[in-house]
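K.L.:
Protein sequences, first through last, are from chains L and Y. Here my numbering is used: the first residue of the first sequence is 1, the next is one more, and so on. Here my numbering is used: the first residue of the second sequence is 1, the next is one more, and so on.
Everything labelled a hint here was simulated from the structure, so no lab data went into it. No residue lacks a Cβ here, since even glycine has one placed at the ideal position from N, Cα and C. Be careful, since some hints might not be right.
What the hints assert, rightly or not - Below, a sample of chain L positions facing chain Y; criterion: calculated Cβ distance under 7 angstroms:
#: 1; residue: 17
#: 2; residue: 90
#: 3; residue: 137
#: 4; residue: 138
#: 5; residue: 139
#: 6; residue: 158
#: 7; residue: 206
#: 8; residue: 338
#: 9; residue: 342
#: 10; residue: 374
#: 11; residue: 381
#: 12; residue: 384
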Amino acid sequence: MSTATTTSSTGTGTGSDPGARRARALDAARAVVASHPPTSTPRRAFLEACFDAGLAWVHFPEGLGGLGAEPGVQAAVDEILQGAGGPIPFWLNPMGYGMAAPTVLDHGSAELSERLLRPLYVCDELWCQLFSEPGAGSDLAGLATRAEKVGDEWVVSGQKVWTSSAHLARWALLLARTDPDQPKHRGLTYFVLDMHGPGVEVRPLRQMTGEAEFNEVHLTEARIPDSHRLGEVGEGWRVAMTTLMNERSAIGGGSSVRGSGSIGSALRLWRSRPDLHTPELRARLVELFARADAARLTGDRFRIEQGDRPAGAEGSIGKLTGAELNQEVYEFCLDVLGPDAALYSGYGPPDETDETDETGGPGGPGGEPVEDYGRLFLRSRANTIEGGTSEVLRNILGERLLGLPGDVRVDTGKPWREVPRG
Amino acid sequence: MEFTWTSEHRDLRVAVRRLMTTRAPVDRARALAADGVRHDTELWATMAEQLGLQALDVPEEHGGVGGSLVDVAVVLEEMGAVLHGGPFLSTAVLAVEVLRELAPVADAAGDLLGRIAEGGATVAVALAEDGRAWSPGTVRTTATGPTSDGAVRLTGTKQLVLDGADADLLLVLARTDAGARWCLVDGTADGVTRERQEGLDLTRPSATVRLADAPGQVLGDLDGVAVADRVRSVASVLLAAEQVGAAAEVVRRTAEHATTRRQFGRPVGSFQGVKHRLADMAVRVEMARSAAYWAAFQERGSADLELGALVARSYCSDALLQTAKDCIQLHGGIGFTWEHDAHLFLRRARLDATLLGDTRHARERLLAHTHPDLQGVS
Ligand SMILES: Cc1cc2nc3c(=O)[nH]c(=O)nc-3n(C[C@H](O)[C@H](O)[C@H](O)COP(=O)(O)OP(=O)(O)OC[C@H]3O[C@@H](n4cnc5c(N)ncnc54)[C@H](O)[C@@H]3O)c2cc1C
Numbered sequence: 001m002s003t004a005t006t007t008s009s010t011g012t013g014t015g016s017d018p019g020a021r022r023a024r025a026l027d028a029a030r031a032v033v034a035s036h037p038p039t040s041t042p043r044r045a046f047l048e049a050c051f052d053a054g055l056a057w058v059h060f061p062e063g064l065g066g067l068g069a070e071p072g073v074q075a076a077v078d079e080i081l082q083g084a085g086g087p088i089p090f091w092l093n094p095m096g097y098g099m100a101a102p103t104v105l106d107h108g109s110a111e112l113s114e115r116l117l118r119p120l121y122v123c124d125e126l127w128c129q130l131f132s133e134p135g136a137g138s139d140l141a142g143l144a145t146r147a148e149k150v151g152d153e154w155v156v157s158g159q160k161v162w163t164s165s166a167h168l169a170r171w172a173l174l175l176a177r178t179d180p181d182q183p184k185h186r187g188l189t190y191f192v193l194d195m196h197g198p199g200v201e202v203r204p205l206r207q208m209t210g211e212a213e214f215n216e217v218h219l220t221e222a223r224i225p226d227s228h229r230l231g232e233v234g235e236g237w238r239v240a241m242t243t244l245m246n247e248r249s250a251i252g253g254g255s256s257v258r259g260s261g262s263i264g265s266a267l268r269l270w271r272s273r274p275d276l277h278t279p280e281l282r283a284r285l286v287e288l289f290a291r292a293d294a295a296r297l298t299g300d301r302f303r304i305e306q307g308d309r310p311a312g313a314e315g316s317i318g319k320l321t322g323a324e325l326n327q328e329v330y331e332f333c334l335d336v337l338g339p340d341a342a343l344y345s346g347y348g349p350p351d352e353t354d355e356t357d358e359t360g361g362p363g364g365p366g367g368e369p370v371e372d373y374g375r376l377f378l379r380s381r382a383n384t385i386e387g388g389t390s391e392v393l394r395n396i397l398g399e400r401l402l403g404l405p406g407d408v409r410v411d412t413g414k415p416w417r418e419v420p421r422g
Numbered sequence: 001m002e003f004t005w006t007s008e009h010r011d012l013r014v015a016v017r018r019l020m021t022t023r024a025p026v027d028r029a030r031a032l033a034a035d036g037v038r039h040d041t042e043l044w045a046t047m048a049e050q051l052g053l054q055a056l057d058v059p060e061e062h063g064g065v066g067g068s069l070v071d072v073a074v075v076l077e078e079m080g081a082v083l084h085g086g087p088f089l090s091t092a093v094l095a096v097e098v099l100r101e102l103a104p105v106a107d108a109a110g111d112l113l114g115r116i117a118e119g120g121a122t123v124a125v126a127l128a129e130d131g132r133a134w135s136p137g138t139v140r141t142t143a144t145g146p147t148s149d150g151a152v153r154l155t156g157t158k159q160l161v162l163d164g165a166d167a168d169l170l171l172v173l174a175r176t177d178a179g180a181r182w183c184l185v186d187g188t189a190d191g192v193t194r195e196r197q198e199g200l201d202l203t204r205p206s207a208t209v210r211l212a213d214a215p216g217q218v219l220g221d222l223d224g225v226a227v228a229d230r231v232r233s234v235a236s237v238l239l240a241a242e243q244v245g246a247a248a249e250v251v252r253r254t255a256e257h258a259t260t261r262r263q264f265g266r267p268v269g270s271f272q273g274v275k276h277r278l279a280d281m282a283v284r285v286e287m288a289r290s291a292a293y294w295a296a297f298q299e300r301g302s303a304d305l306e307l308g309a310l311v312a313r314s315y316c317s318d319a320l321l322q323t324a325k326d327c328i329q330l331h332g333g334i335g336f337t338w339e340h341d342a343h344l345f346l347r348r349a350r351l352d353a354t355l356l357g358d359t360r361h362a363r364e365r366l367l368a369h370t371h372p373d374l375q376g377v378s
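Chain L with its partners taken away, still in its complex shape:
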């Protein structure tokens, strides 16, 4: 991956030194919290204030949600914003905030960034990721959706699957095949697709939790203007790697607040049920806490050490450990609850009117926040599949971090057309 192109628009803004840029960002964050106290400001207004102050992605250029600061400064800014009760943008628009934004910034035109980034951040427009297909999951580069150039437009047909939030999204990151005669990695091109345009049909898929969070997306001669192409024709794989690395660090990076996330939910349960404490469970909780903290610190360290370099293979460490930790934490919660875990309501399709928060828990009988540990447990099983399976991440770490020899590939160099699939 070429460092020169991927960093062209980041981390260079102001000409001042890093310390000054950091101080400026923190001042800006304090100012926003003072002028728009997140607990009393409508969410959209708060997010607008953050974007306009350059706090959305501090390493982005000014005017596009950033201040040209080092990426590592984001954690300190988030601590101020979220510490005052601000929302976690990643959870509001996960595909948008963590993946689409850096990809559009790095590989799209300035006009495209201007059009897309602000509505993305303030959640006027949600995003989804049209990568996986029935025949192409782990082997993403084997995908079959075709895009053909007709005049100044691309005409796209094919089927995508497991697309989270496609039913809510205005925009999609789309990876499609533009040249089937090239070996699989070389015939791909990357686009931004308007999900509201003709030829885009979204069909809900029910997950094992009962919810329909992901979808099948059928594309039938959907049209994309050439100005919505990200990167060069045939360069889609390289662009997708930016997205995937960012996805993995976004998922894996986690929150930088100690004891937040899934381990925080386990701690709340532990506090609320002293009747269920045993020495064995206590030992497990402490072990999980230490691991969660080491994972959290690893995320912080990589963010800071990364500086303004692009996300690398280390991002996969956060995704791998975060996913497995989440699963063990929620397993622990069910073990704490014992038979009570079976008594939690609603493991079928959820009541659509439920206000569910980031952790997916409906309120308790007295309105108190009760986390639905059964559902969280079930949902966590996807963590080691979505965004790249743990098997694939281990392959990546072995090969890219440790330099181990790659797997013997049966499809190397062969035109995509000639490789058996299914």
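Given the structure of chain L, go ahead and fit chain Y with the ligand onto it with the hints provided.
P.N.:
Structure of chain Y with the ligand alone, referenced to chain L:
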């Protein structure tokens, strides 16, 4: 001798497998759950009439077949493979085991065994109360005023009663002035409210049963806690056999998927990350099978049965749970869908872990049983 399989075992397995895979495949369990139907009454009748399954665990003097524990384990293993959730476990295992204990001192218990053997009655065992799956010593439900003919009034709430919303009769463990006793309550009597629980396991219905001054009958003057303890041992072995059946099926299906699903131009089962995980799954199933069946081959009421039950309970439940999780992982996205059966096995595994006293509790008791000198090490 342990692990000596007879032709009767084999014939029984073949017959039950044929019945379950044709009349009660996993799809059927899924459909029943979706429709809120408790169970397939025609299948229940066929089980009794053609195979005599409900009579298998009932002693001959009470109209049963007097089969061995291994026979019953074979039946449950086959039921586990299709995630069968009908009243067999609650009626033909749990209730029969309680009634076998009570029959020597209560004629009503013997009579009821006869009715179960014919496939004529379904009986649910109501022991667990809030937060405690199988803790007979802490039961708070009361049974007051036994008259000379044993009539009592019961008050209390029972949880996780398998088939509790629909069974004809309830066997309730309750406190009397004389100590804990097993009482028989008509499911439709005044003062009995039953509510199906919507829980993790979609294919095995359970219920909350509320008793408010409900009429019942004490079944004999036997220490109810001691009875519950003996029942738990046998039931643990049989539940473990059911788990073996489920886990083996999960491995079979996962191996099949890994053979047919291609990525990178080759079957995913050819990647060592997948192959090794599957091999571990298979090893786990074989270990679980050994633990469950060694116990099933022991003499009822013996110390070896108790030991075997604790080993089986300590191992098989976790084995199924891990296998079900691996199954989802190796299926990728498709394994996370509602339509795929993988989650039904995971849900069953999670609920099983809390039945009959959870597995952690079983491990503590195993330590006490085998190495009392090592207890209390911290
Ligand atoms: C909840 C959820 C949300 C998702 N959201 C999105 C989304 O928004 N957009 C999107 O594009 N996709 C999404 N996905 C899809 C996800 O990225 C794929 O499911 C994932 O990449 C795996 O692909 P697959 O499902 O085809 O499994 P397969 O690739 O068929 O994998 C099956 C098994 O084989 C293993 N395997 C495959 N190749 C190898 C190898 N080389 N070495 C070792 N093991 C291997 C896998 O690890 C897995 O265990 C989502 C998935 C889930 C579960």
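K.L.:
Taking 7 angstroms as the limit, does the beta-carbon of residue 90(L) come near enough to a beta-carbon in chain Y?
P.N.:
The hint is violated - residue 90(L) has no Cβ within 7 angstroms of chain Y, the shortest such distance being about 21 angstroms.
K.L.:
Against chain Y, run the beta carbon of residue 139(L) and see if the smallest gap drops under 7 angstroms.
P.N.:
holds (4 angstroms)
K.L.:
Can we keep the residue 206(L) interface hint, with Cβ of chain Y closer than 7 angstroms?
P.N.:
Holds - the Cβ of residue 206(L) comes within 7 angstroms of chain Y, reaching about 4 angstroms at its closest.
K.L.:
Closer than 7 angstroms between Cβ atoms is the bar; does residue 374(L) clear it against chain Y? Give me holds or violated.
P.N.:
holds (5 angstroms)
K.L.:
Tell me if residue 137(L) is really an interface residue toward chain Y, meaning its C-beta lies closer than 7 angstroms to one of theirs.
P.N.:
At about 5 angstroms, which falls below the 7 angstroms cut-off, the nearest Cβ of chain Y leaves the hint on residue 137(L) intact, so it holds.
K.L.:
Is the shortest C-beta separation between residue 138(L) and chain Y less than 7 angstroms?
P.N.:
With a minimum Cβ separation of about 5 angstroms from chain Y (threshold 7 angstroms), the hint on residue 138(L) holds.
K.L.:
Would you settle whether the hint for residue 338(L) is holds or violated, based on the nearest Cβ-Cβ distance to chain Y being less than 7 angstroms?
P.N.:
This interface hint holds because 5 angstroms falls under the 7 angstroms limit.
K.L.:
Should the interface hint for residue 342(L) be scored as holding, given a Cβ-Cβ cut-off of 7 angstroms against chain Y?
P.N.:
Where the cut-off is 7 angstroms and the nearest Cβ of chain Y is about 4 angstroms from residue 342(L), the hint holds.
K.L.:
Return the status of the interface hint for residue 17(L): holds when the least beta-carbon distance to chain Y is below 7 angstroms, violated otherwise.
P.N.:
With Cβ-Cβ at 46 angstroms, over 7 angstroms, it is violated.
K.L.:
Would the hint on residue 381(L) be counted as holding, given a Cβ-Cβ threshold of 7 angstroms to chain Y?
P.N.:
holds (5 angstroms)
K.L.:
For the hint on residue 158(L), just tell me whether its beta-carbon gets within less than 7 angstroms of chain Y.
P.N.:
Nearest chain Y Cβ about 17 angstroms off; hint violated.
K.L.:
Residue 384(L) was flagged as interface toward chain Y. Is the shortest Cβ-Cβ separation under 7 angstroms?
P.N.:
Check passed: Cβ of residue 384(L) comes within 6 angstroms of chain Y, closer than 7 angstroms.
Checked against the numbered hints given earlier, the structure breaks hints 1, 2 and 6 and satisfies all the rest.
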